[in-house]
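Trainee: Assemble the whole structure, with the sequences as input and the hints as a guide.
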Amino acid sequence: MSGHSYDAENYWKANLRLIFGSLIVWALVSYGCAILLRPMLAGISVGGTDLGFWFAQQGSILTFIALIFHYAWRMNKIDEKFGVHEE
Amino acid sequence: MSQFAINIIFVGGSFLLYILIAIWAKAGSTKDFYVAGGGVHPVTNGMAIGADWMSAASFISMAGLIAAGGYANSTFLMGWTGGYVLLAMLLAPYLRKFGKFTVPEFIGDRFYSKNARLVAVICLIVASVTYVIGQMAGAGVAFSRFLEVDATLGLIIAAVVVFMYAVMGGMKGITYTQVAQYCVLIIAYTIPAVFISLQLTGNPLPPLGLFSTHTDSGLPILEKLNQVITDLGFNSYTADIDNKLNMVLFTLSLMIGTAGLPHVIIRFFTVPKVADARWSAGWALVFIALLYLTAPAVASMARLNLMTTIYPDGTDAAPILYEERPNWVKEWEVTGLIQFEDKNNDGRIQHYNDSESFQSEAEARGWAGNELTVNRDILVLANPEIANLPGWVIGLIAAGGLAAALSTAAGLLLAISSAVSHDLIKGSINPNITEKGELLAARISMAVAIVVATWLGANPPGFAAQVVALAFGIAAASLFPALMMGIFSKRVNNTGAIAGMLSGLAFTLVYIFVYKGWLFIPGTNNLPDTPENWVLGISPLSIGAVGAIVNFAVAFVVSNATEEPPVEIQELVESVRYPRGAGQAQDH
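Chains as they are written, first to last, in the numbering used here: chain A, 1 to 87; chain B, 1 to 588.
Hints were generated in silico from the structure; no laboratory data involved. It is possible that some hints are incorrect.
Lysine to aspartate or glutamate pairs mimicking EDC-like chemistry, simulated, CA-CA at most 20 Å apart [unchecked claim]:
#, chain 1, residue 1, chain 2, residue 2
1, A, 81, A, 9
2, B, 490, A, 7
3, B, 244, A, 50
4, B, 114, B, 532
5, B, 100, B, 32
6, B, 273, A, 87
7, B, 100, A, 86
8, A, 13, B, 571
9, B, 490, B, 568
The calculated label-pair distances, taken between Cβ atoms and stated as ranges, are [unchecked claim]:
#, chain 1, residue 1, chain 2, residue 2, range
10, A, 45, B, 115, 52 to 58 Å
11, A, 70, B, 198, 32 to 38 Å
12, B, 432, A, 87, 31 to 37 Å
Beta carbons: idealized from backbone N, C-alpha and C, even for Gly.
Mentor: So, in structure tokens, the structure goes:
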């Protein structure tokens with residue numbers, strides 16, 4: 001891949017946007033819902049406890065899986081769109 | 001058939017399987033040895049990463065930690081899974097595109113500096129060696145309990161098996177044994193959990209059982225557990241905690257440390273394409289989550305089971321007589337991991353929290369102190385016995401615990417030996433070494449690493465538990481930031497990267513040593529390791545994340561004050577960002 005073509009730059013920007021969005025969700029479910037925002041979610045009860053506890057022990061892990069597969073799927077599309085995918 | 005014979009069959013059978021795989025997957029080239037030939041399917045690789053990652057700590061200790069700490073220890077669940085999001089998006093695809101064999105090799109090439117490579121090699125070896133001690137010690141415990149052999153002899157048996165497939169097959173042998181070990185460990189972990197979830201809640205899926213109703217009491221199981229343990233003076237299982245800053249930083253340190261551990265990163269070098277590196281991160285987390293979603297259910301259910309074993313008629317009634325204790329308590333007493341002392345001489349087992357707030361109630365009931373100490377590491381291993389499951393489930397747990405310890409040990413040993421043979425010997429000492437010579441050097445380094453690890457496992461330093469924090473701290477504060485900046489910044493240069501790595505590392509080590517003792521030597525700590533003395537309430541175990549921030553900051557400031565990297569290095573950064581032309585992992 002050669003240096004600074006217009007497409008290469010936009011490809012990288014598209015990747016960074018996708019990463020940025022994914023990491024916001026990543027931080028929101030773990031550091032947000034499971035830890036810092038737990039008191040705010042205390043009113044929503046889940047099986048004998050509250051939503052924050054669920055996020056801490058299950059919800060965040062499930063979200064992480066969804067985030068990685070979504071990223072892999074979107075990036076493969078972006079690779080093809082910009083013609084940088086592998087044959 | 002005796003329980004001993006069943007255990008022998010399960011453990012012996014699984015070992016035989018690993019050895020057969022070793023004979024089948026012999027490494028013929030350095031490429032086979034370092035990256036399994038580079039043609040591993042992403043799902044296969046995901047499974048191998050699962051076994052590589054899930055260690056004795058995940059299999060044996062984690063549920064016990066959660067059982068003891070409840071909500072507060074959810075940090076392990078999030079921290080040890082959230083790192084895969086970082087790996088999938090920030091490191092794995094680009095390092096795969098770079099297409100070399102080791103982590104220090106990328107750091108050396110990207111920062112065009114042998115010194116940077118050397119710093120990375122040292123960080124890698126310290127992090128991996130400390131980590132491998134725990135695996136070998138864990139294997140020793142499993143052997144001594146289930147196979148009734150001396151722990152040292154057990155360790156030597158384990159070392160011989162690892163030797164066979166790791167030295168002969170390198171990454172190729174390790175990959176396919178790890179797939180087998182994943183299957184063994186996940187079956188061993190989930191089967192008892194399914195039985196216990198069925199017994200307690202009627203729901204066969206443990207993650208759903210955790211939030212279901214406890215059949216006997218009609219209450220949600222977590223509510224029932226809270227009730228039982230708070231009656232005995234323990235903290236509520238689901239209660240929120242005050243020190244949120246420390247909880248955030250600890251979770252972040254575990255996540256960044258996970259993403260920076262070299263033995264996990266090199267597994268991504270074994271897949272054919274960049275896209276496969278992304279997919280295999282996803283598959284890895286799916287396979288890891290099968291255990292990580294089961295663990296919190298095992299934790300709460302096993303703790304409730306333990307309490308109802310001791311207080312069969314409820315917490316208000318008298319606990320069981322020592323003479324009537326179940327068989328599994330007797331068996332674990334032999335190992336010293338369960339201890340009973342009849343402090344008030346009533347022949348009954350009083351188990352409660354010896355806290356000041358509970359003292360008056362304890363005195364009113366004629367109790368003279370907590371009489372039962374249960375090592376939290378036995379929770380998973382004793383789980384089938386506590387729930388009265390058949391003997392073959394116990395045999396399965398023995399094989400599973402060993403699979404978890406050995407698969408991680410092998411991955412770590414490969415990371416260590418490839419750093420020695422590829423980065424030190426070929427990279428510095430003798431660059432003209434032949435392919436055959438390097439392969440031999442790799443095998444010899446692996447053999448030496450196994451001997452050292454076995455010796456350390458048999459004679460674990462007193463600080464074995466604390467050094468795991470050190471491994472994560474080092475990976476988080478030194479390797480992860482250097483790798484990430486190497487990919488995402490064209491401006492960070494050799495001086496900046498080295499200054500960043502060294503200051504992140506020094507900052508983290510000093511903070512740990514001030515509280516834990518210099519080089520962990522007891523009595524040499526400058527401040528007591530208690531929350532009141534921690535700066536802003538940040539525990540030494542949580543400091544890796546702050547060390548990473550120091551690393552980033554120093555690297556940027558120093559790089560901007562010095563020359564920018566040469567054009568060919570900027571082109572290298574460009575090239576790792578675009579998947580096209582990755583080809584298979586290459587030697588120089």
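Trainee: So, for every hint listed, does it hold in this structure?
Mentor: Each hint tested on the structure:
About 13 Å separates the Cα atoms of residue 81 of chain A and residue 9 of chain A, which keeps this hinted pair within 20 Å; it holds. The hinted pair formed by residue 490 of chain B and residue 7 of chain A meets the criterion: a straight-line CA distance of about 18 Å does not exceed 20 Å. As the CA atoms of residue 244 of chain B and residue 50 of chain A are separated by approximately 17 Å, the hinted pair is consistent with the 20 Å bound. Between the alpha carbons of residue 114 of chain B and residue 532 of chain B the distance comes to roughly 43 Å, so the proposed pair goes past 20 Å and is violated.
Between the alpha carbons of residue 100 of chain B and residue 32 of chain B the distance comes to roughly 13 Å, so the proposed pair stays at or under 20 Å and holds. Of the supplied pair hints, the one linking residue 273 of chain B and residue 87 of chain A holds, its CA atoms being roughly 9 Å apart against a limit of 20 Å. Of the supplied pair hints, the one linking residue 100 of chain B and residue 86 of chain A holds, its CA atoms being roughly 18 Å apart against a limit of 20 Å. For the given pair, residue 13 of chain A sits about 17 Å from residue 571 of chain B by alpha-carbon distance, which is consistent with the 20 Å threshold.
Of the pairs offered as hints, the one joining residue 490 of chain B and residue 568 of chain B holds, with about 11 Å between alpha carbons and a cut-off of 20 Å not exceeded. A hinted range of 52 to 58 Å for the beta carbons of residue 45 of chain A and residue 115 of chain B is consistent with their spacing of about 56 Å. Taken as a hint, the range 32 to 38 Å holds for the pair residue 70 of chain A and residue 198 of chain B, whose Cβ atoms sit roughly 34 Å apart. Distance hint check: the CB atoms of residue 432 of chain B and residue 87 of chain A are about 35 Å apart, consistent with the given range 31 to 37 Å.
Checked against the numbered hints given earlier, this structure breaks only hint 4.
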